[in-house]
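Trainee: Terminal number for the sequence shown in this note's numbering: 992, no gaps in between.
Simulated from the structure, these hints should not be mistaken for laboratory data.
Just to be clear, a hint being listed does not mean it is correct.
Simulated pairs of lysine-lysine, DSS-like, Cα-Cα distance not exceeding 27 Å [what the hints assert, rightly or not]:
(1) LYS970 to LYS866
(2) LYS707 to LYS692
(3) LYS880 to LYS968
(4) LYS707 to LYS753
(5) LYS753 to LYS491
(6) LYS427 to LYS550
(7) LYS491 to LYS456
(8) LYS550 to LYS640
(9) LYS943 to LYS921
(10) LYS882 to LYS968
(11) LYS640 to LYS409
(12) LYS882 to LYS900
(13) LYS702 to LYS692
(14) LYS900 to LYS943
(15) LYS970 to LYS921
(16) LYS630 to LYS702
(17) LYS550 to LYS456
(18) LYS454 to LYS427
(19) LYS801 to LYS943
(20) LYS409 to LYS753
(21) LYS968 to LYS900
(22) LYS900 to LYS930
(23) LYS880 to LYS866
(24) LYS409 to LYS426
(25) LYS968 to LYS930
(26) LYS900 to LYS801
(27) LYS707 to LYS880
(28) LYS921 to LYS968
(29) LYS491 to LYS454
(30) LYS638 to LYS692
(31) LYS409 to LYS456
(32) LYS801 to LYS880
(33) LYS489 to LYS702
(34) LYS692 to LYS489
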Amino acid sequence: MNAPFKLRPYQQEAVDATLNHFKKSDEAAVIVLPTGAGKSLVIAELARLAKRKILVLTHVKELVEQNHAKYESYGLTGGIFSAGLKRKESHHQVTFASVQSVSANLDQFRDEYSLVIIDECHRVSGEETSQYQRIIELLRQQNDALKVLGLTATPYRLAMGWIYRYHYRGFVRGEDDKPFQHCIYELPLSYMINRGYLTRPDLVNAAVAQYDFSALPQDRFGEYAEKDVNQLLSKHKRVTRAIVEQVMELAAERQGVMIFAATVDHAREITGYLPDHQTALITGATDLKDRDLLIERFKRRELKYLVNVSVLTTGFDAPHVDFIAILRPTQSVSLYQQIVGRGLRLNEGKQDCLVIDYAGNHLNLHYPEVGEPKPNPDSEPVQVFCPGCGFANIFWGKTHSDGRVIEHYGRRCQGLLEPAQGGEPGEHNGRPQQCDYRFRFKECPHCGAENDIAARNCHQCQKAIIDPDDQLRDALKLKDAMVIRCAGISLTVDGSKLTITYHGEDGEELSESFDFRKPGQRTVFNKLFGRRFANSQAPKVFSSADEVLELQALLPAPDFVIARKQKHYWQVQERVFDYRGSYRKANEA
Numbered sequence: 404m405n406a407p408f409k410l411r412p413y414q415q416e417a418v419d420a421t422l423n424h425f426k427k428s429d430e431a432a433v434i435v436l437p438t439g440a441g442k443s444l445v446i447a448e449l450a451r452l453a454k455r456k457i458l459v460l461t462h463v464k465e466l467v468e469q470n471h472a473k474y475e476s477y478g479l480t481g482g483i484f485s486a487g488l489k490r491k492e493s494h495h496q497v498t499f500a501s502v503q504s505v506s507a508n509l510d511q512f513r514d515e516y517s518l519v520i521i522d523e524c525h526r527v528s529g530e531e532t533s534q535y536q537r538i539i540e541l542l543r544q545q546n547d548a549l550k551v552l553g554l555t556a557t558p559y560r561l562a563m564g565w566i567y568r569y570h571y572r573g574f575v576r577g578e579d580d581k582p583f584q585h586c587i588y589e590l591p592l593s594y595m596i597n598r599g600y601l602t603r604p605d606l607v608n609a610a611v612a613q614y615d616f617s618a619l620p621q622d623r624f625g626e627y628a629e630k631d632v633n634q635l636l637s638k639h640k641r642v643t644r645a646i647v648e649q650v651m652e653l654a655a656e657r658q659g660v661m662i663f664a665a666t667v668d669h670a671r672e673i674t675g676y677l678p679d680h681q682t683a684l685i686t687g688a689t690d691l692k693d694r695d696l697l698i699e700r701f702k703r704r705e706l707k708y709l710v711n712v713s714v715l716t717t718g719f720d721a722p723h724v725d726f727i728a729i730l731r732p733t734q735s736v737s738l739y740q741q742i743v744g745r746g747l748r749l750n751e752g753k754q755d756c757l758v759i760d761y762a763g764n765h766l767n768l769h770y771p772e773v774g775e776p777k778p779n780p781d782s783e784p785v786q787v788f789c790p791g792c793g794f795a796n797i798f799w800g801k802t803h804s805d806g807r808v809i810e811h812y813g814r815r816c817q818g819l820l821e822p823a824q825g826g827e828p829g830e831h832n833g834r835p836q837q838c839d840y841r842f843r844f845k846e847c848p849h850c851g852a853e854n855d856i857a858a859r860n861c862h863q864c865q866k867a868i869i870d871p872d873d874q875l876r877d878a879l880k881l882k883d884a885m886v887i888r889c890a891g892i893s894l895t896v897d898g899s900k901l902t903i904t905y906h907g908e909d910g911e912e913l914s915e916s917f918d919f920r921k922p923g924q925r926t927v928f929n930k931l932f933g934r935r936f937a938n939s940q941a942p943k944v945f946s947s948a949d950e951v952l953e954l955q956a957l958l959p960a961p962d963f964v965i966a967r968k969q970k971h972y973w974q975v976q977e978r979v980f981d982y983r984g985s986y987r988k989a990n991e992a
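All chains should be modelled from the sequences, with the hints used to inform the complete structure.
Mentor: Shown next, in the form of structure tokens:
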């Protein structure tokens, strides 16, 4: 059967990448395509080419229906297994199903499947008891060579980070196990916009007013507690009213407006300021029948405003949407792209999509996802080259007005190194290994190996590494110990001797000296300071005190310094660099 659709070049490339990967490997893989790139066509083409049974899973009935319709447009017949669509067919070669319905009826999926395709696969968690993992485990019992392919616009979960480990362009996304091993194809959003496959976003700064969420405490994923957000918003009802008034004013020339609220209470407040006969509110608690009816009315343009809370970021397709108002905070570039993506689908007569961020998220739509919560509001993605392998890493950081990186928060190089020629047979299974260069590290006191700053045991000798919090706590208990929060350092040179003075934020000072004529002292200085020179981006071995003095602006300062009282002076014993713990650092609020 000939395909009624001609695949776009990138869609064909994604299909080819899948075929090539699974010819060589059974390891789970991910394709990353932006919202609106036509993932359902890629799925339909892969299903059309398949010779054996395939299961296509997703989490909402709208996507089950959409993917099934694209496949049947080839003139082929596929089954649907979804309680929401009132169909439970599992005997076809290709079955499109909701994960909830399959998970509740595992006994009907005892056949041998060759491939599972998961749409919106960023929803797959690493938990073995999750619905997706239980289905995959069952199907693997029938076929241990089962292939698993995921498709998503956002290969990232706040609770997990990246959902895959290895990227086909030669870098790694962390050391932990992930639901998927390989990203085999990825297309940036800017490619789609620049080539006219998506509508151009018109990104406008909020002129009237905006919320400031920066003072709220964040969890370890960079998100805010709902009660904290509600408490802040309750004090800014005038701001909300002013924002909604501006949205209505700007919407006069627009076809469809989607408003993303921070909480359910916030969404109700927004809805109360909008014209009742033109507005719908959808939350996680909205009855499914009511939700379907409201979405259908919005798509038919009987309603102009659609207010929602975290429920319409995926699996929602209304091409006429040409105004996105963001009134919720997020630290995730991925979520931000999903939200904006709701307005970027092409539609007749649509020139652009107006996007206004009223929540002060300071995210750039075209930034890459960094894979870590944003450390502070001023951070932006920066490119940092590895001194070890030369890989160009993307980390959160800060730049000078001329573009120079003045600070970054990366820990370890993400570059992948090909296995060395002539290595031990079976070493690392012939798989590329992550570069072991660390920008931030704790040195093992037993063997000297560099470890991640959060490591409890040395990765090389397995011995315990002292936790900096324990170190500081123990020192603070001692009468003959002094702990300072280091706010900066200054240097003086006398011949071959270099003296470093550590300045505490309250004016305290501690000093120590290194005699560069003595190889032992020179080595200690270079391990402490030379290795971390220029944010560890350009490690340096200093040979003289004068050389250090010349380049002192790029020397690192420790976060804490611990000294013990001798007879007539304080002797520096520990310098704590790259601290991430419960104690406040110098000049932090």
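Trainee: Hint by hint, note whether the structure agrees.
Mentor: Each hint tested on the structure:
no.: 1; hint: LYS970 to LYS866; verdict: 34 Å, violated
no.: 2; hint: LYS707 to LYS692; verdict: 20 Å, holds
no.: 3; hint: LYS880 to LYS968; verdict: 14 Å, holds
no.: 4; hint: LYS707 to LYS753; verdict: 15 Å, holds
no.: 5; hint: LYS753 to LYS491; verdict: 39 Å, violated
no.: 6; hint: LYS427 to LYS550; verdict: 11 Å, holds
no.: 7; hint: LYS491 to LYS456; verdict: 16 Å, holds
no.: 8; hint: LYS550 to LYS640; verdict: 52 Å, violated
no.: 9; hint: LYS943 to LYS921; verdict: 18 Å, holds
no.: 10; hint: LYS882 to LYS968; verdict: 9 Å, holds
no.: 11; hint: LYS640 to LYS409; verdict: 51 Å, violated
no.: 12; hint: LYS882 to LYS900; verdict: 31 Å, violated
no.: 13; hint: LYS702 to LYS692; verdict: 15 Å, holds
no.: 14; hint: LYS900 to LYS943; verdict: 18 Å, holds
no.: 15; hint: LYS970 to LYS921; verdict: 25 Å, holds
no.: 16; hint: LYS630 to LYS702; verdict: 33 Å, violated
no.: 17; hint: LYS550 to LYS456; verdict: 11 Å, holds
no.: 18; hint: LYS454 to LYS427; verdict: 17 Å, holds
no.: 19; hint: LYS801 to LYS943; verdict: 22 Å, holds
no.: 20; hint: LYS409 to LYS753; verdict: 23 Å, holds
no.: 21; hint: LYS968 to LYS900; verdict: 22 Å, holds
no.: 22; hint: LYS900 to LYS930; verdict: 17 Å, holds
no.: 23; hint: LYS880 to LYS866; verdict: 25 Å, holds
no.: 24; hint: LYS409 to LYS426; verdict: 24 Å, holds
no.: 25; hint: LYS968 to LYS930; verdict: 25 Å, holds
no.: 26; hint: LYS900 to LYS801; verdict: 34 Å, violated
no.: 27; hint: LYS707 to LYS880; verdict: 64 Å, violated
no.: 28; hint: LYS921 to LYS968; verdict: 25 Å, holds
no.: 29; hint: LYS491 to LYS454; verdict: 22 Å, holds
no.: 30; hint: LYS638 to LYS692; verdict: 35 Å, violated
no.: 31; hint: LYS409 to LYS456; verdict: 24 Å, holds
no.: 32; hint: LYS801 to LYS880; verdict: 36 Å, violated
no.: 33; hint: LYS489 to LYS702; verdict: 23 Å, holds
no.: 34; hint: LYS692 to LYS489; verdict: 13 Å, holds
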